[in-house]
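**Q** Given chain A, work out where chain B should sit, using these hints.
Number of protein chains: 2
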Amino acid sequence: MTLKLYCFGESGNAYKAALTLELSGLAWEAVYVDFFGGEARSDAFKSNVNAMGEVPALVDTDHDYTITQSGAIQDYVVHLSQKLTGSTPEERREVLRWVLWDNHKLSSVAGPTRFLMNFLPEDKRPKEVIAFHQGRLKAAYAVLNDHLADKNWIVGNAITVADISCCGYLFYPEPFGFDRADWPHIDAWLTRIEQTPGWKHPYDLMPGSPADRA
Amino acid sequence: MTLKLYCFGESGNAYKAALTLELSGLAWEAVYVDFFGGEARSDAFKSNVNAMGEVPALVDTDHDYTITQSGAIQDYVVHLSQKLTGSTPEERREVLRWVLWDNHKLSSVAGPTRFLMNFLPEDKRPKEVIAFHQGRLKAAYAVLNDHLADKNWIVGNAITVADISCCGYLFYPEPFGFDRADWPHIDAWLTRIEQTPGWKHPYDLMPGSPADRA
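Respectively, the protein sequence lines represent chains A and B. The first sequence begins at 1 in UniProt numbering and counts up by one. The second sequence begins at 1 in UniProt numbering and counts up by one.
Chain A on its own, in the form it takes in the complex (with noise of 0.2 Å):
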């Protein structure tokens, strides 16, 4: 099998998918997008790839198989690896559904917050909208953080895709309005997260970052 992320490493979103591959044990391999060079929106790319212009994109070539948006592909992988999902309906609906909450509340709002507050220059960071993405923000880390209060993992007793797409955004150095230290229950899972057997960070898990624009 053979299973190409098209990617890179400043997306949380390919994070969720590259991550998710990762942890299943799946082998893939990484394909990366010069997206901060336009690749992403290139006609070469919206044809062959993804139409929507964005990554992340899995490309399965063994069953010729194209899908995207992170949590599909995450449907994708646990179909293959029957891996990192829930152990009944009932969890698998909870998986999705931290998925969901994730896609509406948190990644949506903290990758735009991120783009603008580092990835525009200065003099173009539209502070009324960061402010107003801050207070959203707030108020999903508060859920979420809740949530966790009492629980080590966001559904059942073990890692699922749901915890890989909460925390998709989470791991980034590049400041956004997260600290982990504000919210203690995110901050302990975050570490459960990272003492995962094969777990990687973003930058070292996809090709290029900052540094390699510097």
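One or more hints might be untrue.
The list treats identical chains as interchangeable, and a pair is accepted whether it falls inside one copy or across any two copies.
Think about it this way: if two alpha-carbon atoms lie no more than 30 Å apart in a straight line, the pair counts; the simulated DSS-like pairs of lysine-lysine are [stated by the list, open to error]:
#	residue 1	residue 2
1	K151	K83
2	K127	K200
3	K83	K124
4	K124	K200
5	K151	K46
6	K83	K127
7	K127	K4
8	K4	K124
9	K138	K124
10	K127	K138
11	K151	K124
12	K151	K127
13	K138	K46
14	K4	K151
15	K151	K200
16	K138	K200
Calculated directly from the structure, the hints in this document are not laboratory data.
**A** Then chain B, alone, in the frame of chain A:
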């Protein structure tokens, strides 16, 4: 079976769950949540219905089961009814992909934008945030419009929960920067949804509307 959906008319996320229930043919009833009066954020609601303090929430009283997040509710309704999903595993993953895309790119931006533009006092509407969100939404409408250029439905040959998710905010009359006339393929697809037997407008399907508070 008794399915109770906690909802209110103005919520496009609740509409996704309500329309899925209605088109599934299952019996269900709406339980009005006074969102604008703060009910969803009350301790009672958080303790008894949804710790996240949001609608929609679906309670299946026969199975003592509660599920939240519109996409997870849709998954449960599909599980119960075996309707409104793809006909193969690949189609079902494609449905999931578009539900995730909607949660990440469309509804999660359209909802707050509509709120800021219509349900806040005029002097408290953050112009820069609204403009930023409308820019993101325009990119999302373009993706959806292009996808629908040669298709009747988002996935396969019939309406699925992917269609119901993506249309969640698009029937509302309050302005948020979406005009059907600008996006002909979206417009034709919305007409197909409206013509689906059983379809109802959000303010006809769920209790509560701006008219009630006028």
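**Q** Take the hints in turn and mark each one as holding or not.
**A** Now for the hints, and whether the structure bears them out:
1. K151 <-> K83: Answer is within; shortest intra-copy Cα gap is 20 Å, inter-copy 35 Å.
2. K127 <-> K200: neither (33 Å within a copy, 40 Å between copies)
3. K83 <-> K124: neither (43 Å within a copy, 48 Å between copies)
4. K124 <-> K200: neither (32 Å within a copy, 44 Å between copies)
5. K151 <-> K46: The answer is between: 18 Å across copies meets 30 Å, while 41 Å in one copy does not.
6. K83 <-> K127: neither (42 Å within a copy, 46 Å between copies)
7. K127 <-> K4: neither (38 Å within a copy, 42 Å between copies)
8. K4 <-> K124: For K4 and K124, neither the intra-copy (35 Å) nor the inter-copy (47 Å) Cα distance is at most 30 Å.
9. K138 <-> K124: both (23 Å within a copy, 20 Å between copies)
10. K127 <-> K138: Both: 16 Å inside a chain and 21 Å across chains, each within 30 Å.
11. K151 <-> K124: neither (41 Å within a copy, 39 Å between copies)
12. K151 <-> K127: Close neither inside one copy (36 Å) nor across copies (40 Å); limit 30 Å.
13. K138 <-> K46: For K138 and K46, only the inter-copy Cα distance (18 Å) is at most 30 Å; the intra-copy one is 34 Å.
14. K4 <-> K151: Between copies only: 28 Å across chains, 34 Å inside a chain, cut-off 30 Å.
15. K151 <-> K200: Result: close within a single copy only, 23 Å intra versus 41 Å inter.
16. K138 <-> K200: For K138 and K200, the Cα distance is within 30 Å only inside one copy (26 Å; across copies 35 Å).
When held up to the earlier numbered hints, the structure conflicts with 2, 3, 4, 6, 7, 8, 11, 12 and fits the remainder.
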